[in-house]
Amino acid sequence: MKKILLLSLMLALLLPLSGYSQGRVVTGKVVTAADAMPLPGVSVVVKGTTTGTATDADGNFSLNVPEGNNVLVFRFIGYRTMERTVGNESVINVALQEDTRQLEEVVVTAIGIERETKALGYSVQEVGTEELARSTQPSIANAINGKVAGVNITSSSGAPGAGQRIVIRGATSVTGNNQPLFVIDGVPIDNSTTAAGNPNQGTNAVLSGVANSNRAVDINPEDIESVTVLKGPAATALYGIRAGSGAIVITTKKGKEGRAVINYNTSFTLDYVNKLPELQQRYSQGSDGEFTGTFSGFNSVLSWGAPLDQLRFDGQPYPYDPNGFLVPADSSAATDQRAIAYDNLDNFFETGKTWTNTLSISGGTEKAEYYVSLGHTDQEGVVPKSDFQRTSVRVTGSTQLNDKFRTFGSANYIKSGGRRVQQGSNISGVMLGLLRAPITFDLSGGFGEEGDENPGAYVFEDGTQRTYREGAGYDNPFWTVNRNPFEDDVNRLIGYVGAQYDFTDWVNASFRLGTDWYSDRRTGGFDIQSRAFPEGQVYEDQVFNRDINTDLLVTFDREVTTDVSARLILGHNYFNSRFQRLYTQGDGLAVPTFFDLANAASITTTENTIRIERAAVYADLSLDYKNFIFLGFTGRNEWSSTLPTDNQSFFYPSINLGFVFTEAFDLTGDVFDFGKVRASYAVVGKDAPAYALTTPFASSTWGDGWTNGIFFPFQGVAGFNQVTQLGNPDIKPEKNKSIEFGVDLRFFDNRLGLDATYYKNNSEDQIIPVSISSASGFLSAVLNSGEIENKGIEAVLRGTPVQTTNFSWDVIVNFTRNQSEVISLYPGVETITLNGFTSPSSRAIVGEPYGVLFGGRWARNDQGQLLIGNDGFPFPADEDGVIGDPNPDWTAGITNTITWKGLSLSALLDIREGGDIWNGTIGVMNFFGTSKNTENRGETKVFEGVRVDDGTPNTQEVVLDQDWYQANGGGFGAVEEQFVEDGSWVRLRELTLSYNLPATLLEKTPVKAASIAFNARNLWLNTDYSGIDPENNLTGQGNALGLDYFSMPNTEGYGLTLRVTF
Amino acid sequence: MTLYNYFKYILTGMLICMVASCDLEETNVNPDNPEEAPNRVLLSSAQAGFAYALGGDMGRYANVITQHLAGVGRQHLVIGRNQITENDVNNAWRFNLYPIMQNLKVVIQQAQEEGSPHFSGAAKVMLASVLGVTTDAWGDIPYTNAFQGREEFNPTYDPQEVIYDTIQALLDEAIVELQASESLNTLESEDLIYGGNLNNWIKAAYTLKARYYNHLSQVNPTESAQMALAALDSGFTSNAENMTLAFGGTQTEANPYYQFNQQRGDIVMAEFFTDLLIDRDDPRLDEYVTPLKGNFAGATSGEPETGSDMGPFVASIDSPVPFITYPEAQFIRAEALLRLNQGGEAAEAYNEAVKASLREVTGSDDYPDFIAQYASASGSVTLEQIMTQKYITMFGTFETWVDIRRTGFPDTPDPVMALGPEPLRFPYPQSERTFNAANVPDVTLTTPLYWDR
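Quick note, the sequences are listed as chains V and X, same order. So the first sequence is numbered by full-length UniProt numbering: it starts at 1 and just counts up by one. So the second sequence is numbered by full-length UniProt numbering: it starts at 1 and just counts up by one.
Honestly, the hints are just simulated from the structure, not real lab data.
Here are the simulated lysine to aspartate or glutamate pairs, DMTMM-like style, with alpha carbons at most 25 Å apart: (1) V/Lys-732 x X/Glu-152; (2) V/Lys-737 x V/Glu-848; (3) V/Lys-941 x V/Asp-1024; (4) X/Lys-293 x V/Asp-321; (5) V/Lys-932 x V/Asp-288; (6) X/Lys-293 x V/Glu-290; (7) X/Lys-293 x V/Asp-288.
A short, non-exhaustive set of chain X residues, derived as facing chain V with CB atoms under 10 Å: (8) Pro-34; (9) Arg-81; (10) Asn-87; (11) Met-101; (12) Gln-259; (13) Asp-309; (14) Leu-419.
These stretches of chain X come out as covered by chain V in the derived footprint (C-beta under 8 Å, 3 or more residues): (15) 35-46; (16) 67-75; (17) 429-435.
Note that the coordinates shown come from a computational prediction; the quantities given were computed from them, not determined experimentally. All C-beta atoms, glycine included, are put in the ideal place defined by N, C-alpha and C.
Starting from the given sequences, assemble the full structure and let the hints guide the process.
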């Protein structure tokens, strides 16, 4: 908005207000190419003359053009200049392309302060409406994936509503929150994830349970005008603690002066599973080469039976297959009917559907403006019965009460949630049940793709579950989607009110009160006969979160001398957050499929409250010398409730410098348009988690890692134990020190631009719950120690190789390379587990990159050669070690956009090089004999290595058989190393073909603009990873990375989007 | 929230916190976790936690090794083939045994501060028995230097011999404290083991003393027997005094074996033990073993095959988990007497031990044929007889693995596809190797414990 006001002002000054030339009148309309919105204030000039005008509020213009062959030039800040030959036409309508290469671009920085990019001494990157619109995914985090250098976004899975792990410039906190702060119109909002399941499970809850949302999913991307990513501490210094991991600053759409504009857009997408592990197709259920059926105890879950071509059905009644039991082909009981390999995966997964509709009305007068939107997203997942819905109502407005006083406000109500499906390391997890199922067992019970709709697929008439191991084993996935429901229901209100008062033309004060409230009610359970909870379980989990944030700013902005201008902002911030969770679990159901606490035999309840309060004062001084040296200082003093009284107050400063050398030395010429170098140094603090100072008591639960365990109250008696984390009354804040250098160079009339940044980040005095020997009495102690270093390069290359009147080709390349190293932890502490299994896990280990995978390895000699035992097989090393680095070496996003008249084709190619993933899924499938590579069973192999006894090269042939895969060659053996795979990929993340209907076509209709687009997502993926799409992360938003254990698959999608403006 | 409150917040935020003098400390008090907890709720938690560990990993792993049970799936299959890893045992050490001991230490300290010797005494009995199980699994373990919190993150390991002295000393102190005439707070219904019956606690302490003396049968055959017998004189006199903890009829109170079988199911009855029962026509068979399609059949240890599930006595939803019982006391008596060459008395104790077990498991000892053959020794009895019957009696317990390592009876066959010799101890857990590396003793699975000679 400000952009437009600014420009109108400039135009008024620069343009001659009337033309006297003789000629004829040309009229027309100027709209945006992206959404066909009318553009007011566009300068329309006859080339080579001073004759010109500006478009009115509806984008219309009328101009006297001299006789002759004339060319009209259309100019507008933020858009590409366009030239059109007049010829004999009297009506010329044009659509201006947004120009992402603008020199004078204004971006939103911390606390909603708008700054010219030119003046910044640090790196920020903006993603505009058009780029956002190309993603039709419901979540904003997906919409910016691959489009911002320095930002790594990993979806946890393709499940509806599944969250994303967003890491900007590497993780800076060992065990703290490394997710960026989300800010909407200057007001921070909550983007946390509350893992489903019993909160007593702690971080383990994310290894099983359902795919959780992070709460940014509540934002309707259609409401967003632009997203600015503040990457380093220098950029976020004013936000303080909460933005210690960067900030995603969202500016929403606002009303514009003029008549009401109605926008409607609808998109419909079909989603398919994009990649699954391959199953072997040759061997039946059973063990030791014999088919055993479902009554054979543990052997029922194995696929080590006879080859299918040697088996025939016996035609006798067998409740698990209408064709009967399988017998050897030469058996007297055999019929002619051959064994069947059922395609359980194909039967199970469905086509997902996403339908999004947004209707918005916006407009305004000189004094007031408004924007109202109603959005609805309805997503059905590729897993049957999984879905996600979001309904969002947003109202934003502002009023200029008088020429000094302006008020503004916004309210956004969101209702979101859906039905989620059990996943991961979970007896009910659908991938676990599917991928371990023998191919000779038809999970759908003959119903094929209709298995989810027919109880006969998963339950017998007597109520017992129909699955491939009688009485035990895993849930039939069709059972899980029907009988183990999980639903979440979020009601959220995000809003702010604010006012700004201009005391003089150089002093103003503004105040903003923002609030973010939500309740998240999760209900669900496991039906009677579920394998994990045979007696049935029901739970009711209520989460309530309330954040209040206020900012008071006083801004002084004036020229000090003719060469120097200064701006000083003094601010105060207050933040108050309260998170409450009440989890109630009922065990032992009386009535099947009735999920109500009243139906449970025993009830346990856990309460969890987190309260945090912070206050801060801050100052931001910017100096501008001759518009080519820009110097900025910030300082913030913070008081946090989570720190001990003595250390409660802490201060951190930053300094940044921007130097436009092209202007200083007057270098601008034919080739060089603009050149700037910038440097900054910043410190950002991070406080402790709540309640880290003391060691209180908590109600007890006891388990053994295999089972659900027992909960107090037990037998009617209360039981408490000391919490296992030793508090620290002397804790002090973490400090993240960052240095950053960058260049911003533009060439060839701004058709080529490079913005590159080098940064180095050292986060010190980490507040870590350091794991310690439990013989100390505690499992961990909160300590102030340790350092992580992140350094890296980000580069954004923008180019326009071809640009003619009707045709343009634009390229944007985002490159990201971050290297992290855990410099130190605590004296004597070499490793901290972030999350994962007992083995493997993702860890912080001194001297290694953050998050490395740690687990069992093969025994090797000093030269790194595999040691081969006397049996001819390699064997596990005595000690576990680092087995992989899940951090990518580099990532790049390459967007090519080709525009020809109203037609635009855009493709985002996303490259990730490196990044290991532990494919725990395949390891375990090896054990069960379902993985494709176990088709080599019975083959011989000579392991390359040296004999452990005499050091000679191994030549012994060994047989890869069931024994091998069920011991060290499988996922339950001790060697996780062998299942670590390279997670590199090249993918066509987005492909969009859009067409703007020509204005001439719409002239006689009430429709002002219309466009139609075809979108495809993930339509091509090239990777060596043998499991599902390597873009997955079992632990979701948490700090751990690179764990794939029966994670939900990812999806590809194809959709159509229609946008209409009235 | 009313509008008034809302403005109050803003005012608090803006005005009071402007100078940062607001009461942020109050905000940092966790409303869900009390800063203090009375001994009665700490003790009940420790009791149930230890019972869960005994019927959970500790008992389950031990019984796979002793071939009461057969591991037929995943990690338990590997354990059954004699390869137990530092990951397998991590949970029990790190999340059960040491935290339980820490909480018992807190009880003892609070009890001493407030003058409640009864709590201190009961906690010491518990602590001695947790220490006993822990040291009999791993040998040298941290104790003297442990439970110091911030003072010592890397506790050193005490030799097992010292741990054994500690166990006896704790039990001696406990006996005195439990007999105290005054105790500010005393055990009541929250005591999940004895419901506040101090006499039973004292008898349990004596019986435990006997167990840990008797463990030293190879270190000092005579003295260990004499000391054990002396302690037993004040020990259990009937099954009614058994030190056990009852589990409940609901999922969140369910017996650990029951939970494992329901939720994991990677173990079944082992062939060796099941055949022992079948061959002897043992009356406990129905209680120990669940028939599989009408037959009692164990799985061959080391083989991933199907077999009978555990029976109702040990693996029902509400089956109690024993810490120490009267039948065990009688077996200890028999063994000690035999070592002192008092064959006749040993035989009597043996007969009573078997009958007591029958009564405990089946509710009756009216099995004339079985009694005649297996509980009618006179004159003398062999160590193999005693230990074989004790092996049957102690099904499901961790203690039975101590017996088999100590005496070699019964002689179990090697599992098929064995990955090594039968383990003589648990490996030190991965967490100790990671977080306390400098102190962890250098041993292998086949390094014998102090009492194992």
